[in-house]
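As they're listed, the protein sequences go chains A and B.
Using the numbering used here, the final residue of the first sequence is 272, and nothing's skipped along the way.
Using the numbering used here, the final residue of the second sequence is 421, and nothing's skipped along the way.
Possibly wrong hints are sitting among the right ones.
Calculated lysine-lysine pairs in the DSBU-like style (CA-CA distance at most 35 Å, straight line) [stated by the list, open to error]:
no. : chain 1 : residue 1 : chain 2 : residue 2
1   : A       : Lys203    : A       : Lys221
2   : B       : Lys325    : A       : Lys186
3   : A       : Lys210    : B       : Lys325
4   : B       : Lys378    : A       : Lys230
5   : B       : Lys368    : B       : Lys352
6   : B       : Lys378    : B       : Lys368
7   : B       : Lys315    : A       : Lys203
8   : B       : Lys352    : A       : Lys203
9   : A       : Lys210    : A       : Lys221
10  : B       : Lys378    : B       : Lys352
11  : A       : Lys230    : B       : Lys367
12  : A       : Lys230    : B       : Lys368
13  : A       : Lys230    : A       : Lys203
14  : A       : Lys221    : B       : Lys367
15  : B       : Lys367    : B       : Lys378
16  : B       : Lys352    : B       : Lys381
17  : B       : Lys381    : A       : Lys221
Hints in this document: simulated from the structure, not taken from any laboratory.
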Amino acid sequence: NAGVMQNPRHLVRRRGQEARLRCSPMKGHSHVYWYRQLPEEGLKFMVYLQKENIIDESGMPKERFSAEFPKEGPSILRIQQVVRGDSAAYFCASSPLGYTEAFFGQGTRLTVV
Amino acid sequence: QQQVKQSPQSLIVQKGGISIINCAYENTAFDYFPWYQQFPGKGPALLIAIRPDVSEKKEGRFTISFNKSAKQFSLHIMDSQPGDSATYFCAAVGSGSRLTFGEGTQLTVNP
Chain A
160 NAGVMQNPRH
170 LVRRRGQEAR
180 LRCSPMKGHS
190 HVYWYRQLPE
200 EGLKFMVYLQ
210 KENIIDESGM
220 PKERFSAEFP
230 KEGPSILRIQ
240 QVVRGDSAAY
250 FCASSPLGYT
260 EAFFGQGTRL
270 TVV
Chain B
311 QQQVKQSPQS
321 LIVQKGGISI
331 INCAYENTAF
341 DYFPWYQQFP
351 GKGPALLIAI
361 RPDVSEKKEG
371 RFTISFNKSA
381 KQFSLHIMDS
391 QPGDSATYFC
401 AAVGSGSRLT
411 FGEGTQLTVN
421 P
């Protein structure tokens, strides 16, 4: 059973470009969470999704950030018009329906130059 | 309140010693308390977790102690090894299944 798969592992974008981060949850998991980790800091919740539904997006910045988890395919975290402050590690986690144990992917390290 | 406060920020222990990391929370709706271990460049990995209906849980060298009335919980690593050197995060989960993390403790175990 493969773990949570995130790609790309590393992503470099110039200021103003778009960043797309992908997350495939563990098999059988229908809940996906995105977290952001700034250098030398803890993990901050961004958004919680189930298939085709955003359950909680209270941690998402109001502008430029969006997330989706379509019926088919991976969950996508999209950052439009990136700025240097978006440079961080973005982690995806998944959990089974109705269970609180969450498993994390290896993360995508975004660098904005 | 959604905060989880973790201390110390960094910890240096000699090989064979006991590492102790503490966390405190305010939201009484939290009902699941996991600890994660993170190595540089890797994602957090679930280490051990506890629910508030028990006061202690032990798995190998790792023990969680939980004090519901004080709203505090701690991780004890017995016989600490250099391979335990990592960043440890406590977390809490309430309704909505989202994890609220502490700020992390960077543990260094000297050989």
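Hint-by-hint comparison with the structure:
1. A:Lys203 <-> A:Lys221: Holds. Lys203 of chain A to Lys221 of chain A sits at ~15 Å (cutoff 35 Å).
2. B:Lys325 <-> A:Lys186: 39 Å, violated
3. A:Lys210 <-> B:Lys325: Violated, at roughly 46 Å.
4. B:Lys378 <-> A:Lys230: 40 Å, violated
5. B:Lys368 <-> B:Lys352: Satisfied, since the Cα-Cα distance of roughly 25 Å is no more than 35 Å.
6. B:Lys378 <-> B:Lys368: OK: Lys378 of chain B and Lys368 of chain B at ~17 Å, within 35 Å.
7. B:Lys315 <-> A:Lys203: 13 Å, holds
8. B:Lys352 <-> A:Lys203: Distance ~16 Å between Lys352 of chain B and Lys203 of chain A Cα, so the pair holds.
9. A:Lys210 <-> A:Lys221: Roughly 22 Å between the alpha carbons, so the hint for Lys210 of chain A and Lys221 of chain A holds.
10. B:Lys378 <-> B:Lys352: 32 Å, holds
11. A:Lys230 <-> B:Lys367: 38 Å, violated
12. A:Lys230 <-> B:Lys368: Violated, at roughly 40 Å.
13. A:Lys230 <-> A:Lys203: 26 Å, holds
14. A:Lys221 <-> B:Lys367: 40 Å, violated
15. B:Lys367 <-> B:Lys378: Distance of about 14 Å is within 35 Å: holds.
16. B:Lys352 <-> B:Lys381: 30 Å, holds
17. B:Lys381 <-> A:Lys221: Measuring from Cα to Cα gives roughly 32 Å; hence the hint holds.
Hints 2, 3, 4, 11, 12 and 14 from the list above are not met by this structure, while the remaining hints are.
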